[in-house]
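Here is how the chains run, residue by residue.
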Amino acid sequence: MFIALLWKSFREILLTVPLAMVVLSVITYLQMPARSDQVQSTASSYASLLACLGGAYAMVLGLLQTWPLRRTDVRGWLFSHPAPRWHFYFADLFAAVAAYLLAILVPWGIAWIWLGQVAPATRPASPWDLMPGLLVYLAALSFHPASVWMMNRPSSWFGSRTFVLALPGLLTFLAFIGLETALPAWGWGLVIATVVLFVVLYPLIAGEAYTRLSNAPSRVYRRRSDVGDNNDRPGFARLAYCVAVLASTAIVCLAAWMLVVVPLDSSLFAPTQGLIDDVMFAGDGNPCFVRKAYVWNEDRGYRHYETQEAWLLNPELEMFHEVSQLEPVEANQIANLKQASYVTNMSWFGAQPPFREFVQDYFGTGPGGLSWHPTYDGVYHAYVPRQSVQVEEDLLQVVMDRNGFGSTEAPFHPYHAITNFSSALESHLPSPSLTGDVFFLADAEGLYQASLGERRVETLLSEKIDGFAVMIDPARENIIAFILAGDTLRLYAVESDEPGVALPKRMTEEEHKRGGERAPWPRLRFDEQIEIKLPPDWYAPLAGEPTKQGLTHWLLPRLDGGWLLIQQRAMSSIKRLDIDASNQIVARTSYYLPRAKPSPLVRDLLVTSLIPVVTASAALFELAGPQNHVELPRVTDRVLLLLCLGFVLAHSLLAWWFTEKACTARRLSIRSTTTWRCASVFLGLITPLLVLSFHHRIASVSCHACDRMIRVDEPRCPHCTAAWKPVEHLGIEVF
Amino acid sequence: MSDLEPDQQCDRFAIHAAGLTRYFGDQLVVDRLDFCIPKGKVTALLGLNGAGKTTTIRMAMGLLDPTRGECRTLGENSRELSTRTLQRIGYLVEGHYLPGWMRVSALERFARSGRAHWDADRFRSLIEHFRIRSDQRVGRLSRGQRAGVSLACVLAADPELLILDDPALGLDPVSRRALNEALVEFAGGTTRQGAARTVLLSTHLIDDVERIADDIAVMIGGRLLVHTSLANFTTRVGRWMLHVDESGVSARFHRELHGLVEARRACGHWELCIANGDADIKAQIARALEVGGGEANASIEQMETSLNDLVIAYLSTEGSESFREANEHVGA
Amino acid sequence: MVAIHITTGSNTPIFQQIVAQVRAAIASGRWKVGDPLPSVRSLAKELVVNHNTVAKAYKQLLQDGLIDSHQGRGYFVAKRREIYTKAERVRRVRKLVQPLVSEAITLGLSSDEIVSLLKQELGKLRQSDE
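As you go down the protein sequences, you meet chains S, V and L in turn.
For the record, in the first sequence the residue sitting at position 451 is 451 according to my numbering, with numbers rising by one throughout.
Start counting at 1 in the second sequence, then tack on 1000, and there's your number in my numbering.
Start counting at 1 in the third sequence, then tack on 2000, and there's your number in my numbering.
For the record, the hints were derived by calculation from the structure and aren't laboratory data.
Using N, Cα and C, we set each Cβ at its ideal position, and we do this for glycine too.
One should not assume that every hint holds.
[Stated by the list, open to error] Capping the alpha-carbon separation at 25 Å, the derived lysine to any residue pairs in SDA-like fashion look like this: (1) L:Lys2045 with V:Ser1125; (2) L:Lys2095 with V:Gly1238; (3) L:Lys2056 with V:Phe1110; (4) L:Lys2059 with V:Asp1034; (5) V:Lys1282 with S:His729; (6) L:Lys2045 with V:Asp1034; (7) L:Lys2045 with V:Asn1276; (8) S:Lys725 with V:Ala1196; (9) S:Lys725 with V:Gly1040; (10) S:Lys533 with S:Lys505; (11) V:Lys1041 with V:Gly1075; (12) S:Lys725 with V:Glu1185; (13) L:Lys2095 with V:Asn1232; (14) L:Lys2056 with V:Gly1194; (15) L:Lys2056 with V:Glu1185; (16) L:Lys2095 with V:Glu1304; (17) L:Lys2056 with V:Ser1125; (18) S:Lys725 with V:Gly1194; (19) V:Lys1041 with L:Ile2006; (20) V:Lys1039 with S:Ser80; (21) L:Lys2059 with V:Ser1306; (22) V:Lys1282 with L:Ile2006.
[What the hints assert, rightly or not] In silico negatives: residues of chain V with every beta carbon more than 12 Å from chain S: (23) Gly1019; (24) Asp1065; (25) Thr1067; (26) Leu1081; (27) Asp1119; (28) Arg1140; (29) Leu1141; (30) Val1174; (31) Glu1304.
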């Protein structure tokens, strides 16, 4: 019978397959990366389109299979065939999965094979770019069981019937996001586990709805009669069903909560809109906490971040001090504040989202007028612009790694070695020429010089590098390279290795503003000058700070010669190391940064009183967490805190009371009333609405014995345990 | 909920309902039904549209869960009928739905796939009886032919219990006769295992009932008022002619006369339909007339009746006041 | 074989219609003693009536001594047997004569006319007997 059912189910949706295949083929065709020297965002856009189309197609399949079953004659005809009810469902499911896969596999397979042949020779792409699309499409298949589930739910269309679509929506989105971002291993595990869990659970949930709920029982789960002779129903399907109901509820609640609170939050309270916090330095090297705004500059003719206010940091203040406790910098002095030079961090590299080969965020022309695209593996691919070669020619000119051109054995680490070097240059130094023959690279294991003409990569320095910066010594006007490796800071004199060719000079302010002229750099030589040992606790966090926070290093020349090495720990603290002209450490100072935002309590008082108590405590905990730079309120704030808690408590009590009312209105059993009451603590005022929408109203009549209202599906009166009154005879019965 | 004793009952009864009740929202569709369909009998279920016939049948087939009470079909709780039991049941839905895209031969393959027995000869002879070719597309068949194919699909499986939901609906007289012929032939035989065949059919055609049914069941407003053999029904219910003026048959009279199914004014006299009348029914009527304020010595004559008249008298009680009072009252 | 005709929707139950028609056929001599009757199933199929109804009619005919059943071979028209006493037979006929007479009187027929009508009917039966 199952084979026959499968055949029938498949035959009934067969017509949709060519249709879906055409649509998917068109989409796939349009999404293929074009012949180009630039990396295209194929993976993301293909995945997002397939998520939508896949979800829609899965839903169409589900509706096509379940909509006719709303007719009693169709149901009667089908289900009177001798087979367990689950077989009917699984036949539909398997047929739908087959149709769903059939529709994608043909266009997708062709695209895969084709892309494998043209990439990477004619475009920086790889067939793997198509993989996220396929996976997201598979995740969107969960819309099929969801729509079956939805169709078989007894709730009303205006009530909670469509709620269950939220879960596959979230699953698909989760899969999409998971494939877009470079998650840590546990994050990936979590995403995969969630998706797989529901992919496995969903058929059970939908099957439970299909086999049980479609019989329109008046209660979703009522006592079974003693003859449990139908053994084809997996018992844990019910458990899965309940889990899914809870999950959908949670999603809908979250969405509803966000709909109410987030706009309220942002419309009522927008204290730091458009402002960012930063650290700059006064002439004497004292760090200042500054607030910048993104403003239009008349002189320059473009928008940029301009310092609005500044305060001198005070090393004596404790963690979580307010800005108001700092001494402000006078307005006329603000323009003189200096930005320190960034020490390029070699341990930083963008993590690789799954299935991506080419790094996406690198555009523009590089050395030799080519587009240099690193792969996440650390191999550079250089492409010529499409216009400059014949149609049939390859665009890929050269592949390069540490060993040289044409090699892929020794990749750069991190992969953006060209950018590493140019970003390590002090802004007053011109970047390496884009058209020149020679260019430089820096990665965690050394510095390299590449010559495009000679097709040669030379290692200039081979040592471990954590941070790298190239600056001009203002006193001596020579160029110095700083290499930060572990607890040492090494200084190198950078010299020209070509006799008669000088190093490029410092640019004037004027030149710099014009964008700088990119004079060709000669071959370089790095002569070690001195090694400075950093203090042993240099990398240790200050008291009260969390350990795991991004560290950045900055360099600033001292007025009297020598350097300031600055370490910034997120927006939490600053460490300053004074190195004098003779390369001795002369001073060391630590500063806490002030609390970024003003006291959040008034705002949170309103916001948290809208959310239920458990979530509110979590939110408070979150707000009070060290990442947010917010200290638990001081004595003056305690009144506010109490008020806030009072509001939350009032909210919860109200939710409890309304839930109680809703349960009474639906005449739920004591057990489910208790469950919903507990839920109201977590979900708040939305709970009564959920009760009303999840439990459809069941008619009640008054008990003939105790006269209280009882639901008509009770086997006997729950109040007085009287059985139902037998039918009254009219006297005209003939039996 | 009254508990059924499965061991004793399942052998004698094909369908056994106890306190079977179904609500749709606030609407009471089937009201505390207690009935047993004995094996080997053809039972006709009569009732107006919306009387709850289809709902009862759907509950017996496990297509709809009862709000309360339970129904046993071939000894099994109808909420969880096993495949084995379903194999012993043939069910024809109202309107003879069949998937239109299938051909008759494909439909036969589909229908036989789950069955323990399949009588291909019977299938062929039945579709020939309805003048159908097996390569015809089901969607192109006439309603009568569709009924024939449905019936063939069901009867070829040699079921022990046949449930037909208004099989004659929309059929022309010829198809109807063919259907009746098939049913009579089917019900007269026994299954391959030698079990007597049971038929439950809901219908509006009393003439057909008279021909093919053993038992008659009448549902009014979700309740079962009659369930007995045809002969017993015509014996226990009688029609009487009463020559009194209009005022004689008052509301009071209605209340007084026990077993009054219907009182109808026709051609200058009253026609009474009375169930369960005792030997002295005339005196009883006279007494009721007197109490109701009418003439004591009106002439009372028994009338000849047909099954048609009696069933129609019953069906017209739906919606009467006394009937509504006895229903479960749904409160707000 | 004599055709039996069933009318539905009439005041007479189907089994009684069968009984009356078989009775008439035997009385008129169209069915002779020893003639086989159709089997219950085949008659039910022919008439499109429930086989229990046919069986009930045959049972009634058996009871009245009009037909015999031979185990395994079916039903046959029986030899006329006096299974009722004379008084009973008269009572049964009188039950039928009473409405006849009252109807005839109501319709204004004279006693002679009634008697001649009866004679006519008897004459017809005798004719078909010969």
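Examine each Cβ of chain S, and state whether all of them lie more than 12 Å from the Cβ of V:Val1174. The claim stands: V:Val1174 keeps its Cβ more than 12 Å from every Cβ of chain S (closest is about 23 Å).
Holds or violated: L:Lys2095 with V:Gly1238, Cα cutoff 25 Å? Within the cut-off at roughly 21 Å; holds.
S:Lys725 and V:Glu1185 were given as a pair; does the straight-line alpha-carbon distance stay at or below 25 Å? violated, 42 Å
Given the hint that L:Lys2045 pairs with V:Asp1034, does the C-alpha gap stay at or below 25 Å? Not satisfied, since the Cα-Cα distance of roughly 33 Å exceeds 25 Å.
Do the alpha carbons of L:Lys2056 and V:Phe1110 lie within 25 Å of each other, as the hint requires? Given that 25 Å is the threshold and the Cα spacing comes to 40 Å, the pair is violated.
Given the hint that S:Lys533 pairs with S:Lys505, test it: the Cα-Cα distance must not exceed 25 Å. The given pair, whose Cα atoms are some 30 Å apart, is violated under the 25 Å limit.
Quick check for students: does the CB of V:Asp1065 sit more than 12 Å from each CB in chain S? violated, 4 Å
The output says V:Glu1304 does not contact chain S. Does that hold with a beta carbon cutoff of 12 Å? Correct as stated: the minimum Cβ-Cβ distance to chain S is 19 Å, above 12 Å.
Within a Cα-Cα threshold of 25 Å, do L:Lys2095 and V:Glu1304 meet the stated pairing? With a Cα-Cα distance of about 17 Å, the restraint between L:Lys2095 and V:Glu1304 holds, given a limit of 25 Å.
Hint check: L:Lys2059 vs V:Ser1306, CA-CA at most 25 Å. Holds or violated? With a Cα-Cα distance of about 22 Å, the restraint between L:Lys2059 and V:Ser1306 holds, given a limit of 25 Å.
Can you confirm whether the C-alpha distance between V:Lys1039 and S:Ser80 stays at or below 25 Å? holds, 20 Å
V:Thr1067 non-interfacial with respect to chain S [C-beta, more than 12 Å]: Per Cβ check, V:Thr1067 is inside 12 Å of chain S; nearest 5 Å; violated.
The structure fails to meet hints 3, 4, 6, 7, 8, 9, 10, 12, 17, 18, 22, 23, 24, 25, 26 from the earlier list, while all remaining hints are met.
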